[in-house]
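Number of protein chains: 2
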Amino acid sequence: MLSLIGLGLNDEKDISVKGLELVKKADIVYLENYTSKLQCSKQALEKLYGKEIQLVEREVVENATAIISQAAYNNIVLLIVGDVFSATTHIALFQEAKEKGIEVQVVHNASILNAIGITGLELYKFGKTTSIPFHESETPYKVIKENFPLHTLCLLDLVPSENKFMESSEAIEKLKQSGFDINTKVVVCAQLGSDSPTILYLQAKNIKPLHKFPQCLIIPGDLHFMEKEVLESYQ
Amino acid sequence: MLSLIGLGLNDEKDISVKGLELVKKADIVYLENYTSKLQCSKQALEKLYGKEIQLVEREVVENATAIISQAAYNNIVLLIVGDVFSATTHIALFQEAKEKGIEVQVVHNASILNAIGITGLELYKFGKTTSIPFHESETPYKVIKENFPLHTLCLLDLVPSENKFMESSEAIEKLKQSGFDINTKVVVCAQLGSDSPTILYLQAKNIKPLHKFPQCLIIPGDLHFMEKEVLESYQ
Chain C
761 MLSLIGLGLN DEKDISVKGL ELVKKADIVY LENYTSKLQC SKQALEKLYG
811 KEIQLVEREV VENATAIISQ AAYNNIVLLI VGDVFSATTH IALFQEAKEK
861 GIEVQVVHNA SILNAIGITG LELYKFGKTT SIPFHESETP YKVIKENFPL
911 HTLCLLDLVP SENKFMESSE AIEKLKQSGF DINTKVVVCA QLGSDSPTIL
961 YLQAKNIKPL HKFPQCLIIP GDLHFMEKEV LESYQ
Chain A
761 MLSLIGLGLN DEKDISVKGL ELVKKADIVY LENYTSKLQC SKQALEKLYG
811 KEIQLVEREV VENATAIISQ AAYNNIVLLI VGDVFSATTH IALFQEAKEK
861 GIEVQVVHNA SILNAIGITG LELYKFGKTT SIPFHESETP YKVIKENFPL
911 HTLCLLDLVP SENKFMESSE AIEKLKQSGF DINTKVVVCA QLGSDSPTIL
961 YLQAKNIKPL HKFPQCLIIP GDLHFMEKEV LESYQ
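Heads up: the sequence lines are chains C and A, in that order.
So the number in this note's numbering is just where the residue sits in the first sequence, counting from 1, plus 760.
So the number in this note's numbering is just where the residue sits in the second sequence, counting from 1, plus 760.
Source of the hints: derived by calculation from the structure; they are not laboratory data.
Hints may contain errors.
Stated by the list, open to error - Straight-line C-alpha distance at most 30 Å; calculated DSS-like pairs for lysine-lysine:
no., chain 1, residue 1, chain 2, residue 2
1, C, K811, C, K968
2, A, K902, C, K972
3, C, K924, C, K905
4, C, K858, C, K811
5, C, K945, A, K905
6, A, K905, C, K785
7, A, K905, C, K773
8, C, K773, A, K965
9, A, K972, C, K811
10, C, K968, C, K902
11, A, K858, A, K905
12, C, K858, A, K860
13, A, K905, C, K807
14, C, K905, C, K807
15, C, K797, C, K972
16, C, K860, A, K797
Stated by the list, open to error - Sample of chain A residues with no beta-carbon within 10 Å of chain C, all distances over it, derived:
no., residue
17, L769
18, D771
19, E772
20, S776
21, L780
22, L791
23, K858
24, G877
25, K902
26, S921
27, L960
Note that the Cβ used here is the ideal one computed from N, Cα and C, for glycine as well.
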């Protein structure tokens, strides 16, 4: 059996009771380490779970044959930061395992896509999600314009294995180069899902580096009065 | 202190370890009972949590004064099906509690907005979410058209207290009245997040009642080959 288990956003205690039970019964526990970042160490996970955890790189998950052959004879768990299907590589693994006749269990958890509800912005009023990459790209600003008057969630690029994360201030610099007006009021979020998330509602030009990751940036569209009231409490 | 705790989508074991710890320390535990439906009874929650749970109706959460005054002197937990900020009433409660100087803790969990990743459709390629109400409305079809080529998640109306849930076949009838082409291939989902979710990819006109709730309906936009491959496995 292959169990794909979402870890949520913050630390070892964000796993669900169901997920924890599956981890405790597992023969091998993998942790994918390339789509996001937890606020705790692998050792903290291992201590609570009572299991040794092996980090896997993108290549191992993308080239799923090894994991899938193990799952034919063992209980294999793949732990995924956030929710299970936030990345295309995980849906490909899920699909390949099913095609090979492997039983697959999915344990969902929180992802950044719903955690941003704490900003007060209505989740149902977001348009397409965009990513701001380290390299130059016109796409993010195009998505923001096309989404308007809907809100846009901008995910910021990261390379967790190199401890490399984009600051919102850097993301704004990139958007500015595509023509984004830096007088726009935007929402900066860092470490959502933790006990002390940072949420700031301010003009884009006033964003300072936070040195706290992961971050995301939200470009609000038209605001309902309740959304405005909650946002303004983050000024 | 007021703790807003997401329960996830399925049963008593979907709560996170962190959420369960807070429930065990609570003086009073409420469960909101009007935005969605769990696949387990209140008794099953009470048994695992070791606490008595009081159901609260929409009016009590909307008129938050009572809960907030209790939270000034007690550890109050409000359990919410899915994630915490899926409904506007919960963000209003969160905001009012903060304004009154009450410490508020938020424990996120899975919501339908990320659980639909299991269909193979990329979560980042969804447009605005729409709701199909029991009463007549032109809005849902308008949203679907405006979202295209993005995917559209349609939430189906429900009144859990009356055990009243909309079937996808009924939702399609309503969309058809607004001009939706029932030859379109759509995705029907029931009980996502459970051990045996139903996911069907078929022409809208071929949808039969499933007698299994809650359901949601997805109108796919343009499909990437990987999305298509996963969807076609649900035919």
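Violated constraints from the hint list, given by number and in increasing order:
Going through the list in order, the structure violates hints 1, 2, 6, 7, 8, 9, 11, 12, 13, 14, 16, 17, 18, 19, 20, 21, 23 and 24 and respects the others.
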